[in-house]
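Student: Please build the complex by placing chain B on the supplied structure of chain A, with the hints as guidance.
Residue numbers (the UniProt record's numbering), protein chains in the order written: chain A, 1 to 523; chain B, 1 to 523.
A hint or two may mislead.
In the DSS-like style, the derived pairs of lysine-lysine whose C-alpha atoms are separated by at most 27 Å in a straight line are [what the hints assert, rightly or not]: (1) K515/B x K144/A; (2) K118/B x K144/B; (3) K144/A x K118/A; (4) K144/B x K515/A; (5) K496/B x K496/A; (6) K118/B x K118/A.
Derived by calculation from the structure, the hints in this document are not laboratory data.
Number of protein chains: 2
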Amino acid sequence: MVRNVLFIMADQLRWDYLGCAGHPRLRTPNIDALAARGVRFTQAFVQGPVCGASRMSTYTGRYVSSHGSMWNFVPLSVGQKTLGAHLRPHGVRCAVVGKTHVEADLEGARRLALNTAKGEGLLAMEGGFEPFERDDGIWPPGFKVEGNRYCDYLRARGHGGDNPWHEHANSALGDDGELLSGWEMRWAGRPARVPAQDSETPYMTRRAMDFIAEQGERPWVLHLSYIKPHWPYVAPAPYHAMYGADDVLPAQRSEAEREDEHPVVQGFRQTEPSRSFSREEVRSTVIPTYMGLITQIDDELGRLFDFLRERGLDRETLIVFTSDHGDYLGDHWLGEKELFHDTIVKVPLIVVDPRAEADATRGTVCDELVESIDLVPTFLDALGLPGAPEWLEGRSLQPLLHGQAEAAPREAVFSENSYAFRDEVRLPSGQPVDACQMTMVRTRRWKYIDYQGLPPQLFDLAQDPGELEDLGRSEAHAGVRAEMAARLFAWLRARKRFPTIRHEDIEQWNRREVKAGIQIGHW
Amino acid sequence: MVRNVLFIMADQLRWDYLGCAGHPRLRTPNIDALAARGVRFTQAFVQGPVCGASRMSTYTGRYVSSHGSMWNFVPLSVGQKTLGAHLRPHGVRCAVVGKTHVEADLEGARRLALNTAKGEGLLAMEGGFEPFERDDGIWPPGFKVEGNRYCDYLRARGHGGDNPWHEHANSALGDDGELLSGWEMRWAGRPARVPAQDSETPYMTRRAMDFIAEQGERPWVLHLSYIKPHWPYVAPAPYHAMYGADDVLPAQRSEAEREDEHPVVQGFRQTEPSRSFSREEVRSTVIPTYMGLITQIDDELGRLFDFLRERGLDRETLIVFTSDHGDYLGDHWLGEKELFHDTIVKVPLIVVDPRAEADATRGTVCDELVESIDLVPTFLDALGLPGAPEWLEGRSLQPLLHGQAEAAPREAVFSENSYAFRDEVRLPSGQPVDACQMTMVRTRRWKYIDYQGLPPQLFDLAQDPGELEDLGRSEAHAGVRAEMAARLFAWLRARKRFPTIRHEDIEQWNRREVKAGIQIGHW
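Isolated chain A (complex conformation) (with noise of 0.2 Å):
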């Protein structure tokens, strides 16, 4: 029986950065014996390339169409339903520790009068989680935090001043006792100024403990949701150099694409991260943090698992391992993220399935593709509660879990950006802000990217893995563009634009309206 899910989250980290995913540097031990205990999902897809759409949809199991926070920072509707909202009314607690990203919707609040400091109000601008340990970090040089807990923490153990989350937890100390800002990533190679204990996994893992051991044996879902590995580059001793400049790969690129003359790539690719990404000093540099901060997730993981080994919830929590995108650390010459190259759009998902029925697949690879808006019907799925198809736009993996076969696998995952926010990308394009569109359609063997009054792109997956010849406008390619830019607009049309009413309910209604003795045209 599952009675509880354990949904954990890295931020950033890409689907090929882990040793069971085959990287042939980097230590994930208590990853790798996740995957040997569930499933590893291969082909697993985030449905926008940027946290804040990427979460959203992973949170409410709907695209970024349906559910409208089409990137960082744009508030979540009060009116979508998310995974808290579909758990509560079943007693099961939900709740966050660590990031989100979930951007308030205060308008809409402001205009239903909610009282967001607490309650049903206050639900609704976390995205339905409640915020045990709600922490998004990012707090910039310079900027004065307050009731935060995790700065309150580093305070209390003598990590003081205005941000300690710059100053200590993400810078480091130069030669001559300078801050050296985690924000410059030259500084990646040195340690942070807090010891391990003190960064943010480790203490974001305590306080899952916490709310677990709280929790005792009423059911719940956690949501742990690390903001490492993404930047600022800095890790504690003795991550900081437990990898170096040899264990970086190649970057994933090619001179030819350079000439790429799609206008949105290259606007990317003039962004001050893809500039500093393209240079090899930067790679050798940041890289190996990158990877440090992967292993201490994962050394913290292994002392969460243990402590669910020693009261007995292993058997009864599903867990989740996945990541919110990619980063570009170089590869196609771009840092960062925003588009939608698999690098980005592909993100490790490892679900352990406790019940005798998952017995078959433990330890097994999946190949179907899955999207990250089937975590929410696979939750509710696991739990035993009522499915809500007018919400959901994903479907739950216990099937692929238990070994069944599908009745109907899925021949595409979508992903969806818009490039309004950055100006090096919109103002050369002359789209207005509200034209900026992008929508990825991915099958097995094609990747179609639809621009808004622009070009598309399109790469053969088969012959090209690496994605490094666009075919957006080789004409000997028309068809297969055509029959890519069908099946984007079925797929546009079948969003779930209705969700205010049942499926069940519209089934009813010739009955109920004869039984409530409406008689429409009867002579």
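Tutor: Frame of chain A; chain B shown alone:
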């Protein structure tokens, strides 16, 4: 200056059932005089061919796919922003007298723990209209009506009983004093059991006057929303006998049309209203009463316009007269509504702008394609209030009212419906309830109707203005269909799915980020 908006809607009033629209027998002198003072739009289309979906579009300024209330009785999400919500922060009172067909999103209200008994919670349940006299009518026989002001009024006037709406205002008496229910169309020629002054249209008109008098000098937007000439087709004397069978125009239909193979149209032809209205006996009995109800509205509007003039309010009030959709009345062998013939989706629309800038267009007709979603932007524009381009999908009619040429006239109008609620249509189609969407794209020349999983329909309005020949499967028209499908796709992709962030906030984003000290990818 425009201080107020009087937004009048009739229910189920066809575009061609007005004297000024060319009906040779129907008398509507007051509405005709209104048209002489303003602009009459000859190509105005509603966004849905049923009350609920159409009205939610009119009240939100958004297409059905964007507001999500796809049919009657589908709740309007608490996440949507309505006319009233756009007005209220600017101190403009927004109220309704009569019908809105807004279905409260009670599930959303529970999720947010809204107090729906008052304040913003109540307004959210009322589609943003203060319910000065909300009354959707339609009380089935046997229903005991309590707490309805109009029914209480009828009782106070001596028209008592459990359901005086049905038993008096919408029924007649037989020769032996027996009740002849208005739900049975055979009695349409009999007078209602109430004198004209106690019927719905005059009552609601007086309530509108009450509101306007109460409001005094303070600005207002009043939605005066008549329930008639919507069924039950019952009129009080003398309107019940004002027109006769000789005044009934022939049905717009052909025998060939009956051979139409389209399964959805076929399904609707099997419904009781279609079967009834295909009979001449029904048409010649019902249509005179339908016409009488329209002349009654016209008489009452004459009183209301006098009331405004006496108070000088006509000089500062924008007046709109429109409808939510038509009524087949046997055209195309159909009854009721739900499909996309111009009989249904084209509506009357008259706008009187009191400002001098509109003097040049008074008494003119405008043949531009306009939509009912244009009304909210028109109201905001007239009142000098900011638009909300992140929400509103229509465009202000003000340039047309002021005789200014539009930079880019609208090329197509759109209307949507679902046949999921109609067993007679859905069950034979084999489609699941969430794949029954119908979408009309109509240019000046072509009308294309897309059905999920079924063949489309196509009409050539230049060659076949009566819409009698479906070219949906004509080989010669494959190119036209492809072009119309491409329009549909472009439209679908351009829907405003991201309304929780303002466009100017997107434009400012890069600068905000830099200003906050966030330096991503800096070496």
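Student: Does K144/B pair with K515/A here, judged by a C-alpha cut-off of 27 Å?
Tutor: 15 Å, holds
Student: Take a quick look at whether K144/A and K118/A sit within 27 Å of each other, Cα to Cα.
Tutor: 25 Å, holds
Student: For the pair supplied as a hint, K515/B and K144/A, confirm whether the alpha-carbon distance does not exceed 27 Å.
Tutor: Given pair K515/B, K144/A holds - Cα atoms ~15 Å apart, limit 27 Å.
Student: Is it true that the CA of K118/B sits at most 27 Å from the CA of K118/A?
Tutor: OK: K118/B and K118/A at ~20 Å, within 27 Å.
Student: Hint check: K118/B vs K144/B, CA-CA at most 27 Å. Holds or violated?
Tutor: Answer holds: K118/B to K144/B is near 25 Å, not above 27 Å.
Student: Does K496/A sit within 27 Å of K496/B, going by the straight-line distance between their CA atoms?
Tutor: 15 Å, holds
Violation of the numbered hints given earlier is absent; every hint is satisfied by the structure.
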